[in-house]
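S.K.: Residue strings, one per chain:
Protein chains: 2
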Amino acid sequence: MFLVEGIKTVQELLHSSFEPHKVYTTDGAIITSDRVKTELISEADLRKISSLKNPNTVLGIFKFPDKKPVDDLEWILALDDIRDPGNLGTIIRLCDWFGIRHLVCSNNTVDCYNPKVLQATMGSITRVNMVYTDLVEFIRAYQGPVYGTFMGGEPVHAIKLPPKGILVVGNEANGISNEIAGLVDQRIGIPQFGSGHTESLNVATATAIFLHEIRRIVK
Amino acid sequence: MFLVEGIKTVQELLHSSFEPHKVYTTDGAIITSDRVKTELISEADLRKISSLKNPNTVLGIFKFPDKKPVDDLEWILALDDIRDPGNLGTIIRLCDWFGIRHLVCSNNTVDCYNPKVLQATMGSITRVNMVYTDLVEFIRAYQGPVYGTFMGGEPVHAIKLPPKGILVVGNEANGISNEIAGLVDQRIGIPQFGSGHTESLNVATATAIFLHEIRRIVK
Numbered sequence: 467m468f469l470v471e472g473i474k475t476v477q478e479l480l481h482s483s484f485e486p487h488k489v490y491t492t493d494g495a496i497i498t499s500d501r502v503k504t505e506l507i508s509e510a511d512l513r514k515i516s517s518l519k520n521p522n523t524v525l526g527i528f529k530f531p532d533k534k535p536v537d538d539l540e541w542i543l544a545l546d547d548i549r550d551p552g553n554l555g556t557i558i559r560l561c562d563w564f565g566i567r568h569l570v571c572s573n574n575t576v577d578c579y580n581p582k583v584l585q586a587t588m589g590s591i592t593r594v595n596m597v598y599t600d601l602v603e604f605i606r607a608y609q610g611p612v613y614g615t616f617m618g619g620e621p622v623h624a625i626k627l628p629p630k631g632i633l634v635v636g637n638e639a640n641g642i643s644n645e646i647a648g649l650v651d652q653r654i655g656i657p658q659f660g661s662g663h664t665e666s667l668n669v670a671t672a673t674a675i676f677l678h679e680i681r682r683i684v685k
Numbered sequence: 467m468f469l470v471e472g473i474k475t476v477q478e479l480l481h482s483s484f485e486p487h488k489v490y491t492t493d494g495a496i497i498t499s500d501r502v503k504t505e506l507i508s509e510a511d512l513r514k515i516s517s518l519k520n521p522n523t524v525l526g527i528f529k530f531p532d533k534k535p536v537d538d539l540e541w542i543l544a545l546d547d548i549r550d551p552g553n554l555g556t557i558i559r560l561c562d563w564f565g566i567r568h569l570v571c572s573n574n575t576v577d578c579y580n581p582k583v584l585q586a587t588m589g590s591i592t593r594v595n596m597v598y599t600d601l602v603e604f605i606r607a608y609q610g611p612v613y614g615t616f617m618g619g620e621p622v623h624a625i626k627l628p629p630k631g632i633l634v635v636g637n638e639a640n641g642i643s644n645e646i647a648g649l650v651d652q653r654i655g656i657p658q659f660g661s662g663h664t665e666s667l668n669v670a671t672a673t674a675i676f677l678h679e680i681r682r683i684v685k
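If you read the protein sequences in the order shown, they are chains D and H.
Each residue of the first sequence is one higher than the one before, counting from 467 in the numbering used here.
Each residue of the second sequence is one higher than the one before, counting from 467 in the numbering used here.
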């Protein structure tokens, strides 16, 4: 089970297929649901179970969702060791926006049920199938083209993207690991137009551009 | 004058046109420059002047750069009240990447010399002309097309973008203000392909997509 804080995210989860176990609140009027009994607790008790410095008035405990199979007839996003919770949260939200339904994460990617990730997803996590797995094995077993994002890769807007594929995005500091780079069919990138001094794009902003390109071409 | 922390950003600024006033360090070996005398100080003193909980070993004080005119023959990005330092930092880095040389900010936009912004720009601020001004007046005086980013605006990839223009991006919570919306010639947006439940894209990730589109079309 995992813990969620804040009225907004708890409500999004109560309206999703996630199964609630318990909801605690310091304000009985603020939240009602026929899916779970809410329990009134004191602010002092909430502070004890909260992971936040300034706890919200609502805290929910939910069961992990059942594992769902990955549909390999559509575009899949794969993350190779994304470590920053804010980046993962933003990427989940991007998947939701662009209709990428399956997000496959290497086992070393930051936990998507980390409170910081949950807060950054703004409820999008209820609509994206999160899969943690051995990414090398997953890609090896996949039938279809594998695109990897690299500095200096082929400009993404100049490529004819197919109707399905895996898009692999790498770690914030080290990019895609050598082992996975060896499984990539085509290296793609975002051309730089400035002075050439910028180190790189942030991984979440780069992912936004890649997903936009996929949807621009593959409706 | 403004304060910069961390060896990396201080060095980027020392190698730029920014004029250094003073560099303090707890480690004399770590930084040398013929542009400024570095002063060795104790860790206790550094802690007193630092804005960070865990100060770095290097802290620099630089003079604000001279005001430079905006070149209105190229694409200009305009920010209408961006408030989050991380978002502004990411947007400055995006301008640097995509060769947008002038970033015009409304007077209520977060200060770009805020330490959190400086840290997020990763040195890109030395290559982007930052202008704070009355955005309404600036846009009124501008000769050329004004594009505003809106939820539900015309899909950006379906538009023939001209070789120059202003792209206006709005506040995180409220978007573009009514007054500036009235000065916009065309409303553009990023189509949503998911279930339609996602609230919106983060302003920095959306800006990444818009700038990519400008460069995809206007080389």
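No lab work stands behind these hints, which were simulated from the structure alone.
Beta carbons are placed, not taken as given, at the ideal position from N, Cα and C, and that holds for glycine.
Worth double-checking, as some hints may not be accurate.
Stated by the list, open to error - Stretch-level coverage of chain H by chain D, calculated; a stretch enters the list once three of its residues show a Cβ under 8 angstroms from a Cβ in chain D: (1) 517 to 527; (2) 549 to 560; (3) 653 to 660.
What the hints assert, rightly or not - Taking CB as the label site, the calculated pair distances span: (4) D:HIS487 x H:ILE683: 27 to 37 angstroms; (5) D:LYS626 x H:ASN520: 29 to 39 angstroms; (6) H:ILE515 x D:GLU645: 44 to 54 angstroms.
S.K.: All the hints need checking, so say for each whether the structure fits it.
M.R.: These are the hints, each one checked on the structure:
1. 517 to 527: violated (count 0)
2. 549 to 560: Satisfied; 3 residues make the cut.
3. 653 to 660: holds (count 5)
4. D:HIS487 x H:ILE683: 27 to 37 angstroms: 51 angstroms, violated
5. D:LYS626 x H:ASN520: 29 to 39 angstroms: Given a distance of about 49 angstroms, which is not inside 29 to 39 angstroms, the answer is violated.
6. H:ILE515 x D:GLU645: 44 to 54 angstroms: For ILE515 of chain H and GLU645 of chain D the Cβ distance comes to about 46 angstroms; the hint holds.
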